[in-house]
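Residue numbers (the working numbering), protein chains in the order written: chain B, 1 to 259; chain D, 1001 to 1259; chain Y, 2001 to 2304; chain C, 3001 to 3304.
The hints are simulated quantities; they were obtained by calculation from the structure and are not laboratory data. Please read these numbers as outputs of a predicted model, since none were measured by experiment. Backbone N, C-alpha and C define an ideal beta-carbon position, used for all residues, glycine too. One or more of the hints may lead you astray.
Counterexamples of contact, computed for chain Y against chain C with all Cβ distances above 10 Å [as the list claims (entries may be wrong)]:
#, residue
1, 2162
2, 2259
3, 2273
Pairs of lysine-lysine, PhoX-like flavour, derived with a Cα cap of 25 Å [claimed, not checked]:
#, chain 1, residue 1, chain 2, residue 2
4, D, 1031, D, 1096
5, B, 46, B, 96
6, B, 132, B, 175
7, B, 255, Y, 2084
8, D, 1118, D, 1160
9, Y, 2057, Y, 2037
10, B, 64, Y, 2006
11, C, 3054, D, 1249
12, B, 240, Y, 2090
13, D, 1096, D, 1142
14, C, 3003, D, 1229
15, C, 3054, Y, 2004
16, D, 1010, D, 1020
17, Y, 2006, C, 3057
18, C, 3054, D, 1076
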Amino acid sequence: MDRRITLEIKNIRKESKSVKTFTFSYNLNAKPGQFIMLTDFECGEKPFSISDCTDNEFSITVKKIGEFTTRLFQLKKGDVLSFRGPYGSSFSLSDKVLLIGGGYAVPPLLFLSKMLKKYNADITIINGAKTKEDILFIENFKRITDKVFFTTDDGSLGNKGTVMSIVSPLLQNEKFDMIYASGPEPMLKKIVDMCDTIPCEVLIERYMKCAIGICGQCVIDSLGIIICKEGPVLDKEVVKRLSEFGVYKRNASGKRVYF
Amino acid sequence: MDRRITLEIKNIRKESKSVKTFTFSYNLNAKPGQFIMLTDFECGEKPFSISDCTDNEFSITVKKIGEFTTRLFQLKKGDVLSFRGPYGSSFSLSDKVLLIGGGYAVPPLLFLSKMLKKYNADITIINGAKTKEDILFIENFKRITDKVFFTTDDGSLGNKGTVMSIVSPLLQNEKFDMIYASGPEPMLKKIVDMCDTIPCEVLIERYMKCAIGICGQCVIDSLGIIICKEGPVLDKEVVKRLSEFGVYKRNASGKRVYF
Amino acid sequence: MDKKLKVEFLGMNLESPLVLTSGIMGLSYSSLLRMAKNTAGIITTKSLTLVPRKGHKGPVIAEFNGGILNSMGLCNPGIEDGLKEVSEFKRYSSKPVIVSIFGNSIEEFEKLTEYVNHSEGDFIELNLSCPNVFDEFGLPISASKDKVYQIVKSVKSISKLPVIAKLSPNVYNIKEIAISCENAGADAICLINTVGTGMLIDIKMVKPILHNKFGGISGPCVKPIAIKLVYEAHQCVDIPIIGVGGVLTGEDAVEMLITGANLVGIGSGIYYRGVEIFEKINDEILQVLTENKYEDVSSLPYLK
Amino acid sequence: MDKKLKVEFLGMNLESPLVLTSGIMGLSYSSLLRMAKNTAGIITTKSLTLVPRKGHKGPVIAEFNGGILNSMGLCNPGIEDGLKEVSEFKRYSSKPVIVSIFGNSIEEFEKLTEYVNHSEGDFIELNLSCPNVFDEFGLPISASKDKVYQIVKSVKSISKLPVIAKLSPNVYNIKEIAISCENAGADAICLINTVGTGMLIDIKMVKPILHNKFGGISGPCVKPIAIKLVYEAHQCVDIPIIGVGGVLTGEDAVEMLITGANLVGIGSGIYYRGVEIFEKINDEILQVLTENKYEDVSSLPYLK
Ligand SMILES: Cc1cc2nc3c(=O)[nH]c(=O)nc-3n(C[C@H](O)[C@H](O)[C@H](O)COP(=O)(O)OP(=O)(O)OC[C@H]3O[C@@H](n4cnc5c(N)ncnc54)[C@H](O)[C@@H]3O)c2cc1C
Ligand SMILES: Cc1cc2nc3c(=O)[nH]c(=O)nc-3n(C[C@H](O)[C@H](O)[C@H](O)COP(=O)(O)OP(=O)(O)OC[C@H]3O[C@@H](n4cnc5c(N)ncnc54)[C@H](O)[C@@H]3O)c2cc1C
Ligand SMILES: Cc1cc2nc3c(=O)[nH]c(=O)nc-3n(C[C@H](O)[C@H](O)[C@H](O)COP(=O)(O)O)c2cc1C
Ligand SMILES: Cc1cc2nc3c(=O)[nH]c(=O)nc-3n(C[C@H](O)[C@H](O)[C@H](O)COP(=O)(O)O)c2cc1C
Ligand code: FES
Ligand code: FES
């Protein structure tokens, strides 16, 4: 039986104006890419990727975006939250790797990069966002590897442009064993389309309710892949065959919402 | 979870006019003294001691006494019965041992004697009943040990008198590590009273319903020992302290019935 | 598929007696398609309502020893979009589809039926287990034999598809309700919907775990209740029965069939054994048939 | 016993909030005594009837994933012998005893009450969960707020002991029933009795496992139902509540207390964790108190 765990917040770190990392003392035993379902028992239960996980603590990194995350932002150290998990699939580890993160979807890549470093992988990271303020984990990633590239749409940090502006030339010059990508779906789509020969794993977000693979809410067309169980990390070979990928997702009622 | 097992009768052996042994192919993994709850799904579910048990089959030996056992006697090889178990405590194994069986309560002692023989114990058996017809397992016990004594109230086999007529002199001449007794409660009472210094284990029968220790039907005064779980085999040190032992038992409604 | 698993249901030949039950993985065509490929004999959509529903706020699910508590709150994209999923399903599969509908009144059920009449669904299932609407005597609709009769009768008079009435286990007398359905013309009944409701509390936060507080119970622990109600219903109606509730294994499925069910629904079992559960159970049914020397599923005996 | 576990119940000081619930190991004085020694705060006898009852034929018990099905059939030695066991218990222990009685009519309940008036019992508990007797509207007695009111009222008017009404979970509106009890003068309510009934089939023999076919459900899987009904009852009555159903651990017990129970009954838990369950749960409650920084059991909060 899956247990529900209710824990005090051990630490809160402000990452940017609208992003905070919450840390809990607990041996979650999670793998990078996996997520938890979090609730404050006020209203709603939401999925969050694990942004760090050791033997005695784990973290999630939250972007303030709506009702639930706004309430999270009012919490203080010592306040209590409840979660279940970890759920879902995880990234595999490879030797020479490229991590591509976009916007607020980078938290799972932080956890992944730490695991890859332990694994002694040769790591390159591209981290892009609209503007400097939205770029997460600048220092953390720099500690992981020298090969970190930042991009912003407005050029306020790193390269001006999207992550693709770095990815394309990079792939022409270097050969990677694996590309990991987490970001807005249109970005992921471009990456998958580009990676014809290079292995690639992609983290896909879908609306989640049960997170245990029975309600059908998170299932993605046309293969019927259950993102809460078989995802959120999927191999690009699977992703390519998903007619829904990059085209639409489903809202809380199951209605299609086009990108 | 305890499983219910439904099996074909593999073999039926007539032991006497009113006693039959039923054998089933199944690895029951029981210990001597333990019992099963048996039903034919017609009416009633009744406890029976395991009279033999190997890796691939087990037996029970049944005295025809009332409604349920009479129906059992009409069954043929290949007919199906259902049981759950094994339940209850078992006899311990010792080196120099005396087995005392009375009437139709000897089946568990047959299984026990086989285990003791494997254990290389020095085995003496006393098997008593009203009359020759009621003495069970004559040949089986003879194969176990030369030291088998039979007693009948009418002298039709072995010594005339009760098992006590043999037990008393025997105990004066020999030193046993352990006495095992199964038989009518007044007989058991006499044995327990006699065994002041000799370790002794006694099999006590009580009316049983749930056999899993929740209904309270089989509980014995004054210690509240749960016979279906903590019995049916009890150490004489416990038995001695049971005010109910040898005095009364309880019927299906829980009413006391005095011996 | 092994021929021994074949069964007939309201004139249709099914590859297996297993049904994907309503509300489990039934929101989108690709999900239904996957269950169909996983050898379900027939599949049921999520219960569809006139307008889209987002369902209750989370947490909507809580597990406990023996089962699952859920308060999904009938989230669904609405009948129009729901039926589009059915059409899309039919582009890839010819497996029969049961369209489940849920209304808060006879009128709603009727309107929904009109939609289904113009769809590619094969059967229509009425989710009658609304715990929050009551009849004039204070009985929940699902427990009112008169209300159940009226809804089934109204739908039946306009439906172009065979009608299955899905019943709640939370009633005093299932026999009366089942007979009402048959009298009203239902082609089959399906039981049981979730048991309860139940509730669980987080002791650290002193809060109900489900945001909706209460949730329906499903999973292995409801099997004895499902078996009992299927048994009682089977005794008093002649229309076929879809038996649902706590089925996890082939033995459970055979137990349901022997008790009186013609088909066996699989719901929460998907959580316990994965989406491959249909294949697993079908294999296990074949094993039980062999062990007990039954020719095929159709020749299983009924409990007297 | 740790002082933190002490609670007050209808003017009595109990060492622990744990209650041995009716029908579990409660047939004989020595059995009750053993549970009392195992640190139950208060113990309940098997439900006693005017004449001895042998109960249903076996099998009377069947296990399944999450719970137990039982059809004991209210076997008991009758009120006279049953009360003798209570006297014998009192020779060795001063722990309070709840005498459970079961009647098929108001008259039977009244006669039973007269017996209990002259006994050494401390409380009288009315087992109102008779599924086989119906009121004039066809409702089972346990679901009829009027019948429940009448029985409690009659007993209360003659009983010398505080009266506890034990309620069935198989009702549409527990609030009405609980309020009826309070209005009729009940000193406390106890809920829940077994859920269902349910049924299980032996697929090899094509027979119901229980000889009585149907049995009540208890064990861990009924906890969500018990919690929900205790919660609802607590919202509408002021008399104390004994919460029973599926409690196996100290966390379960605290969940029940937080939900609205004053005392917590332990039944099937004895199967899952042995007769030492009372000691185990008491220890676990203390742990939960410490972890969550509560002074003692009495200072646990109530769910709003
Ligand atoms: C696998 C996965 C991992 C995620 N990891 C992170 C993370 O590490 N950090 C982070 O900040 N966010 C993450 N999210 C997104 C996060 O769940 C939403 O930001 C959050 O639910 C918003 O809730 P809200 O009430 O504040 O906003 P709302 O106003 O309710 O919603 C804003 C947007 O959040 C998304 N969302 C809302 N509810 C859900 C839901 N139940 N399931 C999925 N998406 C939802 C929708 O896209 C919605 O449009 C992840 C989502 C998924 C599916
Ligand atoms: C631990 C134990 C081991 C036993 N082992 C054997 C055995 O190996 N061989 C054997 O022939 N018999 C054994 N018995 C006794 C056997 O259970 C009864 O003979 C049988 O239940 C009689 O059923 P009936 O319907 O034929 O007779 P009934 O007419 O119902 O009863 C005859 C007598 O059998 C006893 N009995 C009946 N029902 C039960 C019950 N549910 N639990 C306990 N006793 C009952 C009572 O003493 C009763 O007076 C054992 C009993 C116990 C408790
Ligand atoms: C998450 C979930 C959602 C459900 N949604 C519906 C639904 O929309 N319509 C319906 O008729 N039944 C619904 N049910 C009930 C199931 O169809 C089924 O009747 C019940 O779960 C018992 O079967 P099970 O034990 O196999 O799950 C739902 C059950 C669950 C667990
Ligand atoms: C074997 C058995 C016998 C029971 N007998 C009675 C009884 O005589 N009177 C009564 O009020 N409840 C009886 N009950 C119900 C329990 O007291 C309790 O209400 C129910 O089992 C739920 O609690 P649990 O899950 O802790 O067992 C019995 C339950 C079981 C399992
Ligand atoms: S969220 Fe329910 S199936 Fe994935
Ligand atoms: S037979 Fe029920 S407790 Fe032993």
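Now for the hints, and whether the structure bears them out:
no. : hint             : verdict
1   : 2162             : holds, 28 Å
2   : 2259             : violated, 6 Å
3   : 2273             : holds, 13 Å
4   : D:1031 to D:1096 : holds, 19 Å
5   : B:46 to B:96     : violated, 33 Å
6   : B:132 to B:175   : violated, 29 Å
7   : B:255 to Y:2084  : holds, 11 Å
8   : D:1118 to D:1160 : violated, 31 Å
9   : Y:2057 to Y:2037 : violated, 32 Å
10  : B:64 to Y:2006   : violated, 54 Å
11  : C:3054 to D:1249 : holds, 15 Å
12  : B:240 to Y:2090  : holds, 23 Å
13  : D:1096 to D:1142 : holds, 17 Å
14  : C:3003 to D:1229 : violated, 32 Å
15  : C:3054 to Y:2004 : violated, 46 Å
16  : D:1010 to D:1020 : holds, 13 Å
17  : Y:2006 to C:3057 : violated, 39 Å
18  : C:3054 to D:1076 : violated, 31 Å
Checked against the numbered hints above, the structure breaks hints 2, 5, 6, 8, 9, 10, 14, 15, 17, 18 and satisfies the rest.
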